[in-house]
Structures are given as structure tokens and as C-alpha cells.
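> The chain contents come next:
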Amino acid sequence: MPTVYDTLVEILTTRFAVPAEVINEDTALEEVLTDSLDVVEFGVVVGERYNTHLSDDELSSVTTIADVAALMNTKVAA
Amino acid sequence: MTTRPDVVITGRGMVTSAGTGVDDNWKRVSAGVSTAVLGPDLGVLGTQVICPVQDFDAPAVLGPDARRLDRYSQLGLVAATEAVGDAGLRSDEWDGSRVAIVMGVSVGGVETLTAQHVALLQRGPAATSPLTMPMSLVNMISGQLAIHLRATGPNLTVSTACASGATAIGTARQLLQADACDIAIAGAADASLVPLILAAFARMGALTKRSADPLRASRPFDRDRDGFTAAEGAAVVVLERETDARARRASIRGRVLGYGASADAHHVTSPHPDGMGAQAAIRAALADAGLAGTDVDHLNAHGTSTKLNDRAESKAVRSVLGDEVSVCSTKGVTGHLLAAAGAAEAIYASLSIEHRLVPPTANLEHVDPEIDLDLAPVPRQQSIDVAMSTSFGFGGQNAALLIGAR
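Those protein sequence lines, which keep their order, are chains A and B. Take the UniProt record's numbering: the final residue in the first sequence is number 78, and no numbers are missing along the way. Take the UniProt record's numbering: the final residue in the second sequence is number 406, and no numbers are missing along the way.
Treat the hints with care, as some may be off.
Example chain B residues on the side facing chain A (calculated, C-beta under 7 Å, incomplete) [claimed, not checked]:
no., residue
1, Q122
2, P125
3, A126
4, P130
5, L131
Since the hints were made in silico from the structure, they are not lab data. All C-beta atoms, glycine included, are put in the ideal place defined by N, C-alpha and C.
Just need the whole structure built from these sequences, with the hints factored in.
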């Protein structure tokens, strides 16, 4: 079963056409996504994948992909 | 009164069910073979025939940004890119402040809108994409073209339902004549073959129910026509003042001799039975060009394949243009491109002049006895100096374009 991080990378590469080679755990979402609309869109897609929602506050509390992975691990485990 | 500058077409681009690109379109339209297929099954409504753009891989053509565009904008961008290339222009070289965009749209990004409505109903408001508005707004095609083509001049979206494409070209010509720009990119796009829109048209009784025989469903002016075949697509022209086009030695594809517009002020969907609004638009275009009705050699008619439109249009054409004009409706091949119809058919009219060929009206087996026009189910060779394209929209909005030879 893929890790949350692996799933986030898969979403970024397939849904947002981000080249895999520019993604690592410390990559900031705003570095690789087009704009703030895409950051929110990323949150929608991730929430849909895990059958949950990322609130605006949750999304604004994360910077890197590792942050999102940690957040999702917490939410999925809850 | 000062003399208004002549405006010419220097580039053409289109994506329809008849093909991607002007050449493929002309081959299919001049062959007179319908492009209709079965689409979404609307059950008891009994309508299922559509003319979709086939094999359109937006990311392959437009790159990763395609995902941020609704399908109608994707189609429009591809058509505009072809038109600019055909004009021999490069958006990285021109003075973008002198480039105008005028695009016609009727329903806009409904594929996005309907999908997002489903997401909201199924998963709640937080599941709504933040790209919903930027993708679905009717003006976004013009904004997207500005971004992709570095065009910072006047930027408009016009909406006159199924006359939108003709309205856009006519409006763009006026911007050039007013010296508001040096280059105008004008046309229209629609991609609304989604169940909601098809069902809505069907409930009006506007669509064909000939689902058992899709290739014979769109049959303009035929006795047995029973409604239009909904289509999607985009068509775009590049317009310039003739003096500017000749100064840069551009290839001239045709000229926009005249433009006329009117409103029926009669009914929300039914045309005036005698085509009074259509007559007014045709007369206005003739007056604009300084031509008489008998000067028009060929008409690419609106000819939707609905009972009411085709009869009213026939009366209007006979009344103003007389009985010598050769008439065709290319909707027998393409179906009804909605907003894009007027722009696509203006391009087909320019191609008729160029190739000296009147396309056949596909599926014209028995001309409606109440229609008295010079129609043919087969292609006809004809020398054409002046062609007209007519477009009529729900809401009673009418537009006519006169297209001249190079």
C-alpha cells in the first residue's frame, strides 16, 4: 500500500503535471503549483482521495509536502 | 462621412466534428458527409444524436495548462492558435497592445459547471474546485486567449446565442475600422454536449429524435427534418485592415465586406414567422457593404434543420436576396455548433469563394415544399464574388456577414 507521501507525489505528477524530479519532502506546494488556486485545488483532490476535507485553516497551516503528509496521516488515523 | 477602411481575413482556424484544422473541415464539409454519432442517452426524451469533436487530446495539444481550461476554452485556443499561425503572425513578436480579442460564447463552461455541481451535491461545498469560476465563466475564453497570445488590446466576449460567432467577427471588424487595434482575433467556441444542456434543448423540442439513424438526423431544409443536431467546436479568424495586411505581405483569405445585426423582438425562441428580424440583419449587412441583394452569389445559411428556423429563413432570404442566390447549410455535416456556428460558417463561406464550390446540404432528400431556395444535395462548382453567412440566436438575435473574395 502506498504511503501518504507517495500518494501526494502521484497526485502532483498526474493531476498537476509537476515533474517528479522536482518533488521531495521539503518541496513547498507554492513552489511547484501554479498559484493559490492550484494549492486549494490540490487540497480538494487530496481530500477526495482520502474521503475527507482539508479546511482552509488546515491548508494554510502546511507549507511542504511532508507537512501535508503529516497532516493527512493524522486526519486518516483520527 | 469618412471612408471606413476595408477589413480582410488573414488567418483561419477551426476545430469541429468535421476535423481539427481548416483543411480537414473543408474536405468533410465539401464532401457532404454527416459527422453525427450517438451521444448521451436521454431516455424518454428520445434524443441522442450529437456532433462531438473526436480524438481531441487537450493536454497533448495545449500542454499541462489544459487542465485549467474548460473544454470550450481548449477548443477556442486550438482554433485561435491555428488562425494566428495561418496569418503568419507570432504572438512573441507583435505589439500585444494593438491586438484585440473578440470571442462569442453562448453557454460557456458547462462541462466544468455541471461536474462541480455534482461534486457539491455528493461531497459538500468544500469539494467545489476553486477553478470552477475561472474555467466556466463565459468571458474566460477571451481572457485565456489574451494570456496565451500576449494580446493586451481590447478584450471582449459577446453573447448572442447561436449568432455569437457572427457577432464577434462583425464587432471585431468595427474595432479595426475605429482604429482601436491593428489585429483582431475573432470567433467563437462552445462545448456544451452535456446531458443537462442536451435535455434542456430536447425539452424545448429543438433537437432531432432521429436516434436510429444518426447520419441522416441533421437535414436542413428537408421535408422530414425534425430538429437540430447539437455540436461543439470553435472557429477563429484573424482580421486586419487591408492596408496593414498588404504592407506586411500577408496572404489574404477573404474580406469582411459587411455586417448587419438585428433583434426579432418577437419571442424568446421562435423566429418571426416571416423572418422579419433575419431580413433586417441581411438588409443591414447589404447596406453596410453598399451592395444589393442580387449582388450576393452564395449564402451559407443558418439552416438549423428545425421546422421553424428553416421556413422563416427561407422567407427572409427570398424576400431580400431574391431567387438567384445559391444556398447551402453546412449543418447537415457539422450539426449546430451553437455560438461557433456563425464563425465556422463565415470561414466555410470564404472557402467556398476560394475553391469556387458550394458545399452540399447533406441529407437534403426532399426539399420542404414551403421552402423556395436554390439548394442542392451535391457539391456545385460556382464562381463566387460575394457570399453571405446568416446566424440567428435564441432571444431573437440575428447577424449577417458578407464575405468577399481576396
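> Is the interface hint for B/P125 satisfied, with its Cβ closer than 7 Å to some Cβ of chain A?
violated, 9 Å
> Does B/Q122 pass the interface check with chain A, least Cβ-Cβ distance below 7 Å?
violated, 10 Å
> Using 7 Å as the Cβ threshold, decide whether B/L131 counts as touching chain A.
holds, 6 Å
> Should the interface hint for B/P130 be scored as holding, given a Cβ-Cβ cut-off of 7 Å against chain A?
holds, 4 Å
> Against chain A, run the beta carbon of B/A126 and see if the smallest gap drops under 7 Å.
Holds - the Cβ of B/A126 comes within 7 Å of chain A, reaching about 4 Å at its closest.
Hints 1, 2 from the list above are not met by this structure, while the remaining hints are.
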